[in-house]
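For the protein sequence lines, the chains are P and W, in the order given.
Each residue of the first sequence is one higher than the one before, starting from 1 at the first, in the numbering used here.
Each residue of the second sequence is one higher than the one before, starting from 1 at the first, in the numbering used here.
These aren't lab readings, by the way, just hints derived from the structure by calculation.
Quick reminder that beta carbons are idealized off the backbone N, C-alpha and C, glycines included.
Heads up, some of the hints might be wrong.
[To be verified] No farther apart than 25 Å at their CA atoms in a straight line, the calculated lysine-lysine pairs in the BS3-like style are these:
#1 P/Lys-393 x P/Lys-405
#2 P/Lys-459 x P/Lys-426
#3 P/Lys-426 x W/Lys-157
#4 P/Lys-346 x W/Lys-157
#5 P/Lys-346 x W/Lys-161
[What the hints assert, rightly or not] A few chain W residues facing chain P, derived, Cβ under 10 Å:
#6 Cys-102
#7 Leu-139
#8 Gly-151
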Amino acid sequence: MIKVFVPRDAAALSVGADEVAAAIVSEATIRKLDVEVVRNGSRGMLYLEPLVEVETAEGRVAYGPVAASDVAGLFEAGFLEGEAHALGHGLTEEIPYFKNQERLTFARCGITDPLSIEDYRKHGGFQGLTKALQMKPIDIVTEVTTSGLRGRGGAGFPTGIKWKTVHDLPAGEKYVACNADEGDSGTFADRMLMEGDPYCLIEGMTIAAIAGGAQKGYIYVRSEYPHSVHVLREAIEIARKANWLGDNIQGTNHSFDLFVRMGAGAYICGEETSMLESLEGKRGIVRYKPPIPAIEGLFGKPTIINNVMSFAAVPIIIDKGGEFYRDYGVGRSRGTLAFQIAGNVKQGGLVEKAFGVTTRQLIEDWGGGTATGRPVRAVQVGGPLGAYIPESKFDVPMDYEEFAKVDAMVGHGGLVVFDDTVDMAKQARFAMEFCAIESCGKCTPCRIGSTRGVEVIDKIIDNVDRDKNLALLEDLCVTMTDGSLCAMGGLTPFPVMSAVRGFPEDFHKPAPPANKFLADAAE
Amino acid sequence: MAKKAGKQTNGSRVEQFPAPTPAEVAALAVCASHGNKPDELLEIFHDLQHQLGYVPDATLPVIARALNRSRAEVYGVLTFYHEFRRQPAGKHVVKICRAEACQAMGTDALCEHAERSLHTRLGGTTADGMVTIEQVFCLGNCALSPAIMVGEKLYGKVDPKRFDEIIGGLEKEAAE
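If we strip away everything but chain P, and leave its shape as in the complex, we get:
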């Protein structure tokens, strides 16, 4: 029996992985060969998807990107024995893109069958939880604090402090909530982990529940990720049956149960208090803080809220110790971050790497430059609320503090690459437009400021009192930064002002010709 791996990750499916898997099965049947097709997660080399791997004595051999029409040729060339082919890349683990990473959180992703608990355990799964079940809750919190883990959703708040707050409150009804509302463009690490290694998230959340004394947990997944929802629900069901969730986990006196809730296309629900409202079945309107959610969170009870990546880092921290994790990284940014290289890039994908790597390394060494072959002009780091970085800042190391010094943010580690055809005034306008569409509407600077921002940028583009309007835009951005209730309105000025300051020439072009047809249509 020869094992062939074809990913079931949504990104792989989006370029025909199902068709490739079906073609392999039918070709093997015709040739009367004993082939088992395993649907694994993605290795993160998305530019090679669908990436087909064959298990050989030397290790797994990679072929990609494979189209269904390539399958007959692969059989002909002897890919089942790992023979050479135009699409071949040799041993997967030796591909530089993969080999030069530091995979801690994504150690299993792409290797195992995501829903197989046996696979998960064979590759070190549930070792962290097994230890945690025997530990004192405060010792778990200490270990997480020692690791230096900071919130991977973007804000970078120390996870240990959050957990300690919940731990120190009197016992009673408490919750764990996972923010899987990965709405930022250029980010897909949460999705890849949920689809490729769901038990890792389940394990991390269960450890959090033991540390904080919570009985129930929720994973809030965005509705744009139907594949993740299906995989998680199935994984939770299997984990329950195997007693890794539910009452008296593995015969101990710890009980914890987990539920998946689906969002409904509201970007703001990635803000933690808005997410809590949504989990309670309400409009996703941001709450005032204080009280912080650790004290009054879901249903008014103490709640540990973390991002998928934060929870998924916990199993290895408990298994190998906080110091092991802390030894990766630089400055006050410890451990690894799953960088996501996206947009106009030749080799897009996920690169898990210790903090300290630079934007240039990521987009040149891994990304291989732009897909269009033109020069890179700007990179937006950290999602739609992150700054646009010009080439002069590409050598700043990825570190929360170093990035803050140059008015940018690492955020969730997403990088969107643009070539030299990008119009930065248009990107600045989009940032305001996006904020206007997605604002929850509770506070004035965000709700009204974003709409006024679009209008002001339109005037700048049309060369109407340009200098006055640029000054007005800056003033508006200060108001939004200082006066908004949450990061939505508070950070929208980041992409806007970084575009104005880093690419001023785009705001001083001649006004575009007025389009008579459009003007007539508007009337």
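Chain P is fixed; fit chain W onto it per the hints.
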């Protein structure tokens, strides 16, 4: 004789309360399947939209009563979230990502192409009721941009040519 019969009917509850519509029946069943729990309102809307294709306004009072919430609250939740629709959509809903990573790979041109080739705006439905096109911000397929989603099926690296093939496939499927 006729008068007497009329009196009888007037007295019965059936005539005072018109029979619930199929949509209302569906809404009640969905609420019950979620234990009539108010915190599951989003899940209830998802299920209802899955069954009926949209959430009819007529179901809102029914849901409000079942969950012991005000009609205003239920209406507020429905209209807050972009995903829920109050009008029926086309047979296939095609979501085109318009976020930054897809912008870097030409989603603006793709949106224009979609609007022109299907003769409808983003948010609109083709004249034959086959396809609704919508904008969406990020489908999490940012390394294989531009991305679109048809129903629950995700597509990556969608240029205008591939878009036409995908839409053509839907039409072919319908013809068969």
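Results for each hint:
For the suggested pair P/Lys-393 and P/Lys-405, the alpha carbons sit about 11 Å apart, so the restraint of at most 25 Å is met. Distance check on the hinted pair: P/Lys-459 and P/Lys-426 sit about 12 Å apart at the alpha-carbon level, within 25 Å; holds. At most 25 Å may separate the alpha-carbon atoms for a hinted pair to count; P/Lys-426 and W/Lys-157 meet this at roughly 23 Å. Simply put, P/Lys-346 and W/Lys-157 have alpha-carbon atoms about 12 Å apart, close enough for the 25 Å limit, and the pair holds.
Between the alpha carbons of P/Lys-346 and W/Lys-161 the distance comes to roughly 20 Å, so the proposed pair stays at or under 25 Å and holds. Look at W/Cys-102: its Cβ gets to within about 7 Å of chain P, closer than 10 Å, so that hint holds up. Annotation: interface hint on W/Leu-139 holds; nearest CB of chain P at approximately 5 Å, less than 10 Å. Interface restraint check for W/Gly-151: the shortest CB-CB distance to chain P comes to about 9 Å, inside 10 Å, so the restraint holds.
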